[in-house]
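Asker: Letter by letter, the chains look like this.
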Amino acid sequence: MKIFWLGLLMPFILCGGAMGSGPPVSEDTQTCLECHTMVHPGIVADWQRSRHAGITPEEAMKVKGLKQKVSAEKVPEGLSKKVVGCAECHTLNHDQHKDSFEHNGYKVHMVVSPGDCRTCHATEAGQYEQNIMSHAYGNLMHNPLYRDMVTQVNGTQFLEHGKTVLTPPDEKTNADSCLFCHGTVVTLEGMRQVETDLGEMRLPILSGWPNNGVGRINPDDTKGSCGACHARHAFSMALARSPSTCAECHKGPDVPAYPVYQVSKHGNIHSALGKGWDYEAVPWRVGKDFSAPTCAGCHVSLLVNGEGEMVASRTHRMNDRLPWRLFGLVYAHAHPKDPDTTIIKNKGGLPLPTELSGEPVSQYLIDKAEGERRLGRLKKICLSCHGSGWVKGHFARLEKTLETSNVMTRTATDILALAWKRGLAKGPGQKDSIFNEGIEKKWVEQWLFYANSTRFATAMAGADYGVFANGRWYLAKNIQDMLDWMELKGEKEK
Amino acid sequence: MKIFWLGLLMPFILCGGAMGSGPPVSEDTQTCLECHTMVHPGIVADWQRSRHAGITPEEAMKVKGLKQKVSAEKVPEGLSKKVVGCAECHTLNHDQHKDSFEHNGYKVHMVVSPGDCRTCHATEAGQYEQNIMSHAYGNLMHNPLYRDMVTQVNGTQFLEHGKTVLTPPDEKTNADSCLFCHGTVVTLEGMRQVETDLGEMRLPILSGWPNNGVGRINPDDTKGSCGACHARHAFSMALARSPSTCAECHKGPDVPAYPVYQVSKHGNIHSALGKGWDYEAVPWRVGKDFSAPTCAGCHVSLLVNGEGEMVASRTHRMNDRLPWRLFGLVYAHAHPKDPDTTIIKNKGGLPLPTELSGEPVSQYLIDKAEGERRLGRLKKICLSCHGSGWVKGHFARLEKTLETSNVMTRTATDILALAWKRGLAKGPGQKDSIFNEGIEKKWVEQWLFYANSTRFATAMAGADYGVFANGRWYLAKNIQDMLDWMELKGEKEK
Amino acid sequence: MKIFWLGLLMPFILCGGAMGSGPPVSEDTQTCLECHTMVHPGIVADWQRSRHAGITPEEAMKVKGLKQKVSAEKVPEGLSKKVVGCAECHTLNHDQHKDSFEHNGYKVHMVVSPGDCRTCHATEAGQYEQNIMSHAYGNLMHNPLYRDMVTQVNGTQFLEHGKTVLTPPDEKTNADSCLFCHGTVVTLEGMRQVETDLGEMRLPILSGWPNNGVGRINPDDTKGSCGACHARHAFSMALARSPSTCAECHKGPDVPAYPVYQVSKHGNIHSALGKGWDYEAVPWRVGKDFSAPTCAGCHVSLLVNGEGEMVASRTHRMNDRLPWRLFGLVYAHAHPKDPDTTIIKNKGGLPLPTELSGEPVSQYLIDKAEGERRLGRLKKICLSCHGSGWVKGHFARLEKTLETSNVMTRTATDILALAWKRGLAKGPGQKDSIFNEGIEKKWVEQWLFYANSTRFATAMAGADYGVFANGRWYLAKNIQDMLDWMELKGEKEK
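Chains as they are written, first to last, in the working numbering: chain H, 1 to 494; chain C, 1 to 494; chain A, 1 to 494.
Source of the hints: derived by calculation from the structure; they are not laboratory data.
Every clue listed holds true.
Chain copies aren't distinguished; within one or between two, either way the pair holds.
In silico DSSO-like links for lysine-lysine, alpha-carbon gap of 30 Å or less:
#  : residue 1 : residue 2
1  : Lys368    : Lys400
2  : Lys380    : Lys98
3  : Lys380    : Lys368
4  : Lys275    : Lys265
5  : Lys265    : Lys98
6  : Lys426    : Lys163
7  : Lys421    : Lys442
8  : Lys62     : Lys74
9  : Lys368    : Lys172
10 : Lys163    : Lys421
11 : Lys172    : Lys442
12 : Lys69     : Lys82
13 : Lys392    : Lys98
14 : Lys288    : Lys275
15 : Lys265    : Lys288
16 : Lys347    : Lys163
17 : Lys107    : Lys392
18 : Lys442    : Lys426
19 : Lys69     : Lys288
20 : Lys67     : Lys288
21 : Lys288    : Lys392
22 : Lys392    : Lys172
23 : Lys69     : Lys107
24 : Lys69     : Lys275
25 : Lys431    : Lys421
26 : Lys288    : Lys81
27 : Lys368    : Lys337
28 : Lys172    : Lys265
29 : Lys98     : Lys82
30 : Lys431    : Lys163
Chain H on its own, in the form it takes in the complex (with noise of 0.2 Å):
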């Protein structure tokens, strides 16, 4: 595949990559290249290389049926006859984007959003607004309990008096820890006068910048970054079907999905024989392609079968073929119904999903029939390569590991709820923050980090990191460390 588009772009490309009789670049396009190919030669060649560069949006948009990548039903005139190059971008829609600023006689923004993007993946554009991911930044931030859990972990603490002060975190702690995957809030702070080898230039300063989070706060009011996954400016599909790029967000204990599926058989297949698949065929043929899935397989990819048959239908909302919320908050739960999550309370009045017993919090989760409908499209994913036997055993394991996990994560609840019953700790009763002691931080890691990675381990089949890695092995032993703590504790009280 990769040859064939360089032998598509190879007389493009060996004519410097702008001119010529490659495919057509905008005049627009080519003033920014006499530049920029120059100053920043890594990310030229990069969107030489992409599909952006080799094909017009008209000619895109005659692909009809499952191989078509536009969704948008109409491109807009000025944009549909040339390639889409730096200007298509950078200029589109510049006066909703309050970063816009003057640049050689264009009014360029630096932060393509995607309400840029959707001008030509409307569909994706629109799927994505609806997933939860798109939200990260307002449902961490604008949620007074993990809002104090981001504070406690990235402030930083002095000891006075023989105990500690915390000074919450400033704006580039956050956006260099949390944010840096859930998104910061990009703004325009004002404008700054730099020197540089073609003359003296006005650049915008941005607040929160760099930022390529999922949930990023943009410019033109819009959430996300298409780039977070295609990343700039090649914007491959190879990239966003390969577990690496998943693995930025989702590999510390807290959300271990790629240490699991290294695990696992399918991440074993991927590592030993990976190299020889297809990741541009679009649809993704199961089998003919690629022969184990990887996270876009599982969660996202348009797939079809050996016939062309469909399997999978392409979703940018990633919890389409997902019941379950496994990441605990704190506990694992059905998956809620709308991706802004800061409107949910339970009934003890804390912003969470479920009780602190574990009981769901149902009106603001999907029902069963949801949940049915959701598993039945990442079934027939698996039924691809495996019998009904192995999907349906494979399956109610997954069940009794969230009740398990749910279990362990009650039992030390109820350990930190008589902790602070005891006077042993300060919690909501002493109004405290629930995440600043060394119990507290013990509980923290028992639904965070080992329910969590029981359950990934279980749902992806990477036995091997839920056990003795990250898993069952610590969600045992925590309580007994949590007991020791009380006890010892308990002790000084006397």
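Assemble chains C and A onto chain H, guided by the hints.
Answerer: Showing chains C and A alone in chain H's frame:
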């Protein structure tokens, strides 16, 4: 190589897989393919790319000498003239398979076992029976001590009156954790009626299903699953020779072969340059087909030098080239003579290959002479690329690491024994589990995680893992933590 | 590229490697090959694929400008007209090699050193002498504080009367852990008589062997091993440019460059698309030969833009593009001026580049102007793909992380100081090791693991690693654990 096979198979693939002028496919298999190509496109495509689909046993048996892959002296007449397809394996030996069921006029079994594979691969199946992995189920579940550990790791804990009460794990949980790798017991539990696109069907209900564990107890009473490493339905040699295959069960801190390999020079070369190697060549030519060993290279594969002379013969008894069992239970020791380790009892009456003091229970373990023989086979491989001084120095360090890591395990054991004696924890004297209290869990980590990791790091020259990642640093720190635990608990008792 | 070289070498390979019409091999090397092709097939095959085997120094020196690989102005007459084979390196400078021995009429040394490699690669060897890595042995073992840490990590502990007694580590253990990467001292210890297939031989016994550490002390009194990154005997540039090479020593929690890279966008692109890059091209063209930097790309390699203009000059002093030493000892600080850090003493008399309070010991560290120069070189690389606002924002965050991670180290240090003062642990005041007690080990983890990991995560934009995997979460939690330790121990004292 891949291209070579593709070339060979191309006419066959183009004509839909099962018919045409390609290698002869049996009528039974063609019947299977009629539906399953559509129903399970992924595995059919895998099989189409496999050697099984490309050559008949009769043809394969004409290959003699080191290139030979079919080791059986004779393959039954009915099987030898058709490629190895669906029906050939899934209807074979059906009277021995308790899971055989009536399926469209055939007696089919889902669980293809080493008993089936041995029809053509007799030598390998015979070796594997002697491989300790084939006994992985029984060695874990029929050893009362290890069984208790499974219970303590996988059980659910509830808080009652400030103490935890354990509910033992159910079958699903064990299948999803320890037994995922060790293997489940697969038995026919009954039949179920299923609605399918192709009409109503009666399909078997199997216990412990799905599973591909190395010690799976199959419905035909054989042990293991060839698919654990040679995953269905390509049964690719390249896959089995890739380190990611072994990582499925050997990545966690209990037996961290893969993370050690990754930071070794061997692993480095594999990561950087391995994409250009030939993983299908038989025999495997050192330096020509690959330039650094994978797991299989050192432990399994048939290797030759540039002149085609044997460096190592193929073995599926994977400790043929290993004198020591690094994986401490609870100390490193010489390998057991018998793959069934449930027969072992130490002087203290415990089912362990060493005393709690570290002294080996010699009568069950291979003697020095056999150890030398096994080490000799391994060293011969090392010498393909390393001088004798290098190899000598390397193994001298490993012997030292066995000694020091055993000392560090002994010290932890002494601390635990003291805690039991002082009544700070309940041990064998109180007929209590030795795996359920805080200090006992620290003790387990000392040998199962840290001593073990230190030894793997030395053995495979991945030092980075053996110092701060999971080795000596923690060996040393954990002892101080155990002492602190004992001191603080001891205060309490006063 | 690979194919290109294969093409070039094909006639040479086909005729058995050493003879025929290929590039001229010296008679001495042909003599070596006569036996070693059989005895060590792996390394001979590696060499046959190498550039060393494919071109004479004389030919290589005709390459001028940025494509030049041989940097010496003159190569000795006797060496220039034959390819670089066994004898060329292993008999070179034999009077300087204390490990030279008589071998079939030749004076051979096993340990080829930077002193040998500099014959052709003078510039690189000269730079490497100034690289802090070349002093890795002495900087660790001749610094009394760090040496004590080695002792506490690698020594064996015994339980006596309820306390632990430490036996210092032997030479083998150190060689197998810290010195594996830092380098051992290799000296000739004597000779040994060996029976081989080719008759009896006298071979040297070397201390500290095998070893490929970056600061190895060689028998010719040079420092380092070029083979640490350019592994023998292909000495592949592709290998040295692959991130897995650096991972050998930079993966553990003490210096987690590789795990951070893996979750960065750079690492993601490398994992997904790097199989198609040209790792052999000199100079290395940004965007053409590779589309995201590897470790070498940012820190070592000669890079050019699409017009062939230099973006960064090659350096083997690997902090030429780095102003800060992230790896805190115990705080992050400006890089030392001299690669020999044993000369550093702080005001408190400790051999550390900062005071225990964090204040830098400025006279030994590069000044602000030099820091700016180094950062300028790095930023120039970043700007190949990123706008100036992006780069500015990135490094502003790094400076903030240096500040906050240093605060979190300071707080842990304050707690430890308090514990020492209260007599809960024995510190410098009691002339006791500062690395041997429970709370001291927690303190080490604060700076060596967590502060360090947080900084690497920021520096290389791999945020996932810097939050829950090994960063800020633990920075915050560890402080609470240290306080709990002190409180519980303090209870005891009452």
